[in-house]
Amino acid sequence: MTHEDDRALAEALAEARRAGRACALATIVSTRGSTPRKVGARMLVDPSRGLVGTVGGGCGEAEVIDSAHRVLASGWPERVRVDLTEDFTSWSPAVCGGVMDVFVERVAAAARKDERSAERVSIHYLRVPDHLRVYDQRVVVRRDDVVVTLSEPIEASAPLVTNGEIMLERGSLAVWFTFPGAWHDIGRFHRADGRFSGFYANILTPPEMDGPVWRTTDLCLDIWWPSGGAVTLLDEDELEAAVRDGHLSPATAHRAREEADGLVALAAAGAWPPPVVEEWTLERSLELLERSSCF
Amino acid sequence: MSLSPAEVSILLIETAEAGGSAAAATVVGANDRTLLGRRIARTRGVGVGTRSTHGGLGSVSLDTGAVLLLDEAMDDRRALEGLRALEDGVEVYIEIRRPVRELVVVGAGHIAQPMAHLGALLGYRVTVLDDRPDFATRERFPDADRLIRADFSNPFADVTLHERSHLLLVTRGHKYDYECLVRALRADPAPAYIGMIGSRRRVRATYVQLVDEGFDRTFMDRIHAPVGLDLGAETPEEIAVAVAAELVMLDRGGTGRSLKEVERVAERFFNTPESQDTT
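As given, the protein sequences belong to chains A and B, one line each in that order. Okay, so the first sequence: first residue is 1282 according to this note's numbering, each after it adds one. Okay, so the second sequence: first residue is 1115 according to this note's numbering, each after it adds one.
Next up, chain B with everything else stripped away, as it sits in the complex:
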């Protein structure tokens, strides 16, 4: 039987929160009006997880066509929600849910606090991990979604990492950062972002160690370290802003440069020699 809008909305939310993907098709146009409002949904577990089908549109051939559309929508990251055509003039509206964007701050120290705050502000589901119980506390992180006491030798035991996870490694020691980094690099599916705090010298030392352990250059390229945009940040708050800015830049595809330089409105407006060359 068909699913109600309430059942579908809960199914989609729960799948996305668990790090999976989901898509649902609702009949919004049909010659036979009894088909209107019928629904079918597909869900996929984390990464290339198990797929399953929920509900139905009322015939095998409609369901088969819809499942193809839904899988396509789930698998193509650029797929947009909207109308699609099925057989016999049946039109469906497709909605898509990706895993919920998550910021996992590993280490609950002085950078983690403003970072958790900014992450929540930007709409990330924020998780803060630490091995010290009196650091990852509600008082220190009022807007984090989850506070987890973790052992840094296996830091992600209680966190499901997925393709929309963003990790920031800011533990109390580089030794722990390194352990967490290795775990993060081996995670499957690969997280969207792995940022690690550290000076150029420290980062270099980390890379040397990674090479010793057999990681190649492709792994280094996935690590954002030193972390954040070059804002000249010094305080923990400023560093958090630099990291947040990097997250937005990567998400939206910006350059990270000043818009003033990118757009050069003044130069264009005042017809500088450079712009005259192009005319």
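Next up, chain A with everything else stripped away, as it sits in the complex:
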């Protein structure tokens, strides 16, 4: 890219940020054979303004634009291989004869930190027999089947570790998914630097979710699925102890086990956790909170 291209792109990015629009940025990261644009060429896909720059002068650009729309919707970056060698429809086959890899990523809209005023909820977890934990969280999005919330940074001084892997640590953020009527919730856990650490599910009584205070009883069992690791069922001993001490009924404990076993089986079959937990990444949740507070 020339310095002028660089400037034009930076200005377009800045303008979209100011206007509160998310964009997709496409960069050619490798090429083989003859391609119309070389490594480093960039194109910005701004949903309301169109294209700034080019990665192909028309050749193969449609594939990149399709990818940009997927990336804008999901938040997940993509690497697209554009094969121009089979582009029979091209007007100038002599120009387009190579293969290129294009990295497509979402560029967040501007954050207005001074105007954050997202809806908050206070989640009251009762740990039997009488230990109440209160978590104040910001509501990211409300749907009929799920409410997505964002925790405050963890204040604990010691990291929470399972099988030698850190789940949460001081400064960590978690995105929580609470499903009305379900006997579990799901946390998308992150390390303090924002890296995804894994999915965590609490087995609990279906939460009462009316108003700004939610109430639920923790049923001891937890499921932990670390990033890159295997699904593990945790704290079975705690559940046994709670039943033995008369804090939970055998019927409730049975329901808790049923729920946990069901989720582990679904996970093994690749059918759990549900897609919504991939949809609301930490980045996207933060971005939405920051942007929604502009209006």
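No lab work stands behind these hints: they were computed from the structure. Take every hint as true, because none was put in to throw you off.
Now the stretches of chain B that chain A is said to cover, found in silico as 3 or more residues with beta-carbon under 8 Å:
1) 1121–1127
2) 1140–1147
3) 1162–1174
4) 1191–1200
5) 1204–1217
So these bits of chain B aren't anywhere near chain A, every CB distance computed over 12 Å:
6) F1333
7) D1335
8) L1364
9) R1371
Idealized CB from N, CA, C, for every residue including glycine.
Could you slot chain B onto chain A? The hints should help.
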């Protein structure tokens, strides 16, 4: 935390415009897809200036590996942008920014005008300096990026010279050209190009004076004087074309000769005795 593409692009541009170098690594391949799109950047001030790191990839060992790659990319002038491998199958795309190519025309006279125009045309960031306010004007230099009123005893006070600066000394008097030349030769880092207007006799006189002041032959070799390619140029416009041609030649590594002579297509095509000798 990681940097956004917008933050990185501004950081790289501002560093390059200030005469520094910069490189950034973006994760474009990883088994853990949460790493995708994470960025780390390194910047270096003018010359061997201060280095600093911006952003991060999410772990100390990835950052350490990336910083090594980025420093290598910044320091090696031939380094190319592209993919590099880090640990655990993490692949990064490295982009590099060099200082912005700059043409500093010292003296805003009749050669400076076409020179500024050609410089802008060739993609240089053009600065025109003069001590006469009514010469370095917007009307006379519509496509210069900066017009600076300078004192020729310290002409580069308001200009940062770096390894991609190209200087053309065309002031209204050889005395001033000489003062600016001495400043330019002492600049650190050394500019990419120092051209000075003047006839063979004038240039010779300049060299004699430089030797008197203790400059040795290595300094003379860095000076392009008389300036430009041998085109037989006479008018200010023609001289500017000769200088522009020299800049392109040095940048691209050409010979400065006619391609007709270099390639000798006709001789080869018609099988002249010379080409038959080689068969």
